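Given the coordinates of chain A, assemble chain E with the ligands onto it according to the supplied hints.
Respectively, the protein sequence lines represent chains A and E.
In this text, residue positions in the first sequence follow the working numbering: the first is 1, and each later residue adds one.
In this text, residue positions in the second sequence follow the working numbering: the first is 1001, and each later residue adds one.
Read the hints as simulated data drawn from the structure, not as lab findings.
Please read all numbers here as calculations on a predicted model, not as lab measurements.
Heads up, the beta-carbon is just placed ideally off N, CA and C, and yes, glycines get one too.
Don't take every hint at face value.
[Stated by the list, open to error] Which bits of chain A does chain E cover? Going by a derived footprint, with three or more residues having C-beta under 8 Å, they are: (1) 44 to 57; (2) 106 to 119; (3) 183 to 196.
As a plain string of letters, each chain reads:
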Amino acid sequence: MKPGKFTYHAPENLHAANQLLAELGDDAKIIAGGQSLIPVMNLRLAQPDHLIDINGISELAGIHQENGLFTLGCLTRHADVETSPLLMDKFPLLPAAAKRIGHLAIRNRGTIGGSLCNADPAAEWPLIAILLDAHLSIQSSGGERHTPAKEFIQSVYTVDLGADEILTTVAFPPLARGEGWAVNQICRRTGDFALVSVAVTLKLDRQGHIERLRLCLGSMDVTPFRLIDVEQAARGKIPDKAWIHEMAGIAFDAGSPESDMHASAQYRREMAAHLTSEVLTEALGRCRAGT
Amino acid sequence: MSGGNLIVMEKRPITLHINGCDIDVLIEPRKLLSDVIREDARLTGTHVGCEHGVCGACTILIDGRPQRSCLTFAIQAQGKTLSTIEGVVGEDGGYTALQQAMHEEHGLQCGFCTPGIIVTFEAYLKNNPDPTEDEIRDVLSGNLCRCTGYQNIIRAIKKAAAMIRVDVGGA
Ligand SMILES: Cc1cc2nc3c(=O)[nH]c(=O)nc-3n(C[C@H](O)[C@H](O)[C@H](O)COP(=O)(O)OP(=O)(O)OC[C@H]3O[C@@H](n4cnc5c(N)ncnc54)[C@H](O)[C@@H]3O)c2cc1C
Ligand code: FES
Ligand code: FES
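Same shape as in the complex, but just chain A:
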């Protein structure tokens, strides 16, 4: 239960971190909050030769509203999202999602960038980033590139990140005025990883017809995924009880959940249906309250 030996590097800026990564290649790992990496190092499931600590690079932290987007530096801690006055006021979906991550002490250290790069199919940030079409900025010594969250997160613990690349920022396009939202999940105990999670946004037009639906399921496949066809087909429909019931049925059949020691695939399907109906009802409430 003790980590193996490694050489510790604490670069002072992003450029130096990129250079180190380029030199050391696959033998090196970035450490952000360490809340996923250190557990696997303690269990000796990972034994990197070099750790590159990015915690001293202050330019990588912070929450900003710029060019119509809400941009979070990769080092932004879950707890900083949870308590950000800007986000609580303008983008309450993000604090609500952050609050569901693990426990207070984990949220005080874990980062949004670390969570996205870790790509646990049950984690909150991959679900929310895919739901909201977040744009990620990725820096290497060769330059910067941008990619949508959906393409970045490829499979279980697998992301589109080269050995010398660092995820630097996550940009969320804001919800439209009056667009409702809800996030919910089933856990065995508070703070556990979700057995199933569902997140939704819902915008109605003036007549109460659906203008835009986004529905994203977590833990139901190798990555969280949106039900794009269903979202498109929903346009123009009236979100009544029968429609919600129909959507729950679609969620039941979606993805290909696994059975494991925590829950059977059948249970996950039932919970996906249940949660879908809950979040749609909650989001509708928010649409109608005009928030």
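Here is chain E with the ligands on its own, set in the frame of chain A:
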């Protein structure tokens, strides 16, 4: 010790600021903060249960925020203000409101989980002096207790919150 040289060469001198004191230690980068606090700084009130972030026994304050000392390398804690259970002392040198309430409400039995819980809630109650029971339970989810069944801990935290509010209100 044989082979000692090699190991010593990999060690680095660092200074940790714990409970108001600067403590110099010579450590390998791979050494967890929890182990350095216990073995090098000799502050054994911080307990180690699981070493993967689940049990909360190792929780300390890093720059005032509860964090897992088993999920941080000591070398990362240079320049930070660390406080452990040994640094939790009431104004007159006696118990804090939370310690007193834990005592009165039988909030502990074996005491293994207690330092993590006290450190967490000393910080939490400072920022949230009037938490609901749901909020208390949500925060307490980060600390496993195998003895008490939690009810008395929750009672103690509520009592401490009320005591602190009276203190602050009266001051
Ligand atoms: C007890 C416990 C409960 C938890 N419960 C939950 C939960 O309910 N929901 C949830 O979502 N998460 C949960 N987590 C995980 C937590 O959210 C982590 O903070 C998160 O998964 C990883 O973020 P980190 O900053 O700690 O990353 P690290 O552990 O530092 O890194 C994770 C991986 O990402 C890489 N990496 C990190 N940052 C970058 C970057 N900027 N660029 C490139 N690569 C990078 C690292 O090299 C490593 O491979 C839990 C963790 C614990 C210990
Ligand atoms: S020992 Fe750190 S959380 Fe259990
Ligand atoms: S008092 Fe024994 S584990 Fe909590």
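Going through the hints against the structure:
| no. | hint | result |
| --- | --- | --- |
| 1 | 44 to 57 | holds (count 3) |
| 2 | 106 to 119 | holds (count 3) |
| 3 | 183 to 196 | holds (count 3) |
Consistency with the previously given hints is maintained throughout, with no hint failing.
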